[in-house]
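Peer 1: Respectively, the protein sequence lines represent chains R and G.
Position in the first sequence (from 1) plus 192 gives the number in the working numbering.
Position in the second sequence (from 1) plus 862 gives the number in the working numbering.
Please keep in mind that the hints were generated in silico from the structure rather than gathered at the bench.
Careful, some of the hints might be misleading.
Claimed, not checked - Sample of chain R residues lacking proximity to chain G, with all beta carbon distances greater than 10 Å (derived):
1. Arg207
2. Asp218
3. Gly219
4. Ala241
5. Tyr276
6. Ser326
Unchecked claim - To spell it out: a stretch of chain G is covered by chain R in this simulated footprint if at least three of its residues, at any positions, have a beta carbon under 8 Å from a beta carbon of chain R; those stretches are:
7. 890-896
8. 902-909
9. 921-931
10. 951-961
11. 966-974
For glycine and all other residues, C-beta sits at the position ideal for the given N, C-alpha and C.
Here is what each chain is made of, one letter per residue.
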Amino acid sequence: MSDVVELDRILPQGRALGITIQVSADGRSRLAIPYREDLIGDPDTGVIAGGVVTTLLDQTCGQAVYAALTEETSIATLDLRIDYMRPAKPGLTLIAEAHCYKLGRQVAFVRATAHDGDVNDPVAAAQAVFMLDSSAGRGPGSNLATARRGSRS
Amino acid sequence: MSDAQITLQAALHRIPYARFLGVRAELAGDEMTGVLPYSDHLIGNYLLPALHGGVLGAFMEMTAVLQLGIAQGGARQPRPIDVTVEYLRSGRPTDTFARAEIKRVGRRVANVQVEAWQDARANPIAFLRGHFLVSAVESVPA
């Protein structure tokens, strides 16, 4: 449960979406977003926005990397490829499951699936690559400094 | 405000998730610039702090869908088939912009590329490439 508390503390977007961590161990993670009307992407069908699926998959893949790491470090998504198989069913909780299947020294490789209850009937599939130690040399608040100066990072 | 701009604003306002993110859109002729005004709830990394990568992907995807709507004028919203998001820089806590280029529209599928930037368009922070279903051939259960 400490993971949930931690996510709540550190991740404003996760909190805004109502993301909860259900599993996070041994390079595997499962996160969920309960259905909400303010997350609808197509008002004609009530289907959750593809962008919500994107954010959940990104977050779940990142969590799988954290769950694979032996020591804490910062990570950042390098790329994220998503296949959208079908619209999520309105009213159902969206679930994503990810596996960090290769943890290198500099990069980590992750696969993930999103579904709305039946893992064998996926809504979307994802493949992602993360950079490890992504904030190398940049301390906390470094993006604030560059924002104030208005220069590039 | 032009008719096209009014239609676009109405389309945006109808999408709850666009309101959740706070996405706006500006039109110059048939070219649209998506605008994602900075807001605290978009942060994914509180240390740097940086915008959530998923939010950037979602914003670019929405820009693609809106630009397709302008180009196609279809009644049905285009649906993503697959997208690839590439991250070049972390998104700083400031306004983000995106522009979509429709590379090809076929009978069923459109190929779209989107670029997102903050202070300078010459320094993009992310790209999205994707295929979108533009036809109404496949029926969507209501």
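Peer 1: Determine for every hint whether it applies to the structure shown.
Peer 2: Results of checking the hints against the structure:
1. For Arg207/R, the non-interface assignment is contradicted: its Cβ lies about 8 Å from the closest Cβ of chain G, within the 10 Å cut-off.
2. Listed as a non-interface residue, Asp218/R keeps its Cβ farther than 10 Å from every Cβ of chain G; the least gap is roughly 23 Å.
3. With a cut of 10 Å on Cβ distances, Gly219/R stays outside the contact zone with chain G, its closest approach being about 20 Å.
4. Residue placement check: Ala241/R does not keep its beta carbon more than 10 Å from all beta carbons of chain G (closest about 4 Å).
5. Consistency note on Tyr276/R: stated as away from chain G, yet its beta-carbon is not over 10 Å from all of that chain's, at 5 Å minimum.
6. With a least CB separation of 8 Å from chain G, Ser326/R falls inside the 10 Å interface cut-off, contrary to its annotation.
7. Chain R is given as covering the region 890-896 of chain G, and this is violated because 0 residues of the stretch bring a CB closer than 8 Å to a CB of that chain, at least three being needed.
8. Given a C-beta distance limit of less than 8 Å, the hint that chain R covers the region 902-909 of chain G holds, as 8 residues qualify and 3 suffice.
9. Check on the region 921-931 of chain G: 3 of its residues sit with their Cβ under 8 Å from a Cβ of chain R, so the three-residue criterion for coverage holds.
10. Under the rule that three or more residues need a Cβ within less than 8 Å of chain R, the assignment of the region 951-961 of chain G holds, with 5 such residues.
11. Requiring three or more residues with a Cβ within less than 8 Å of a Cβ of chain R, the coverage given for the region 966-974 of chain G is violated, as only 0 such residues are present.
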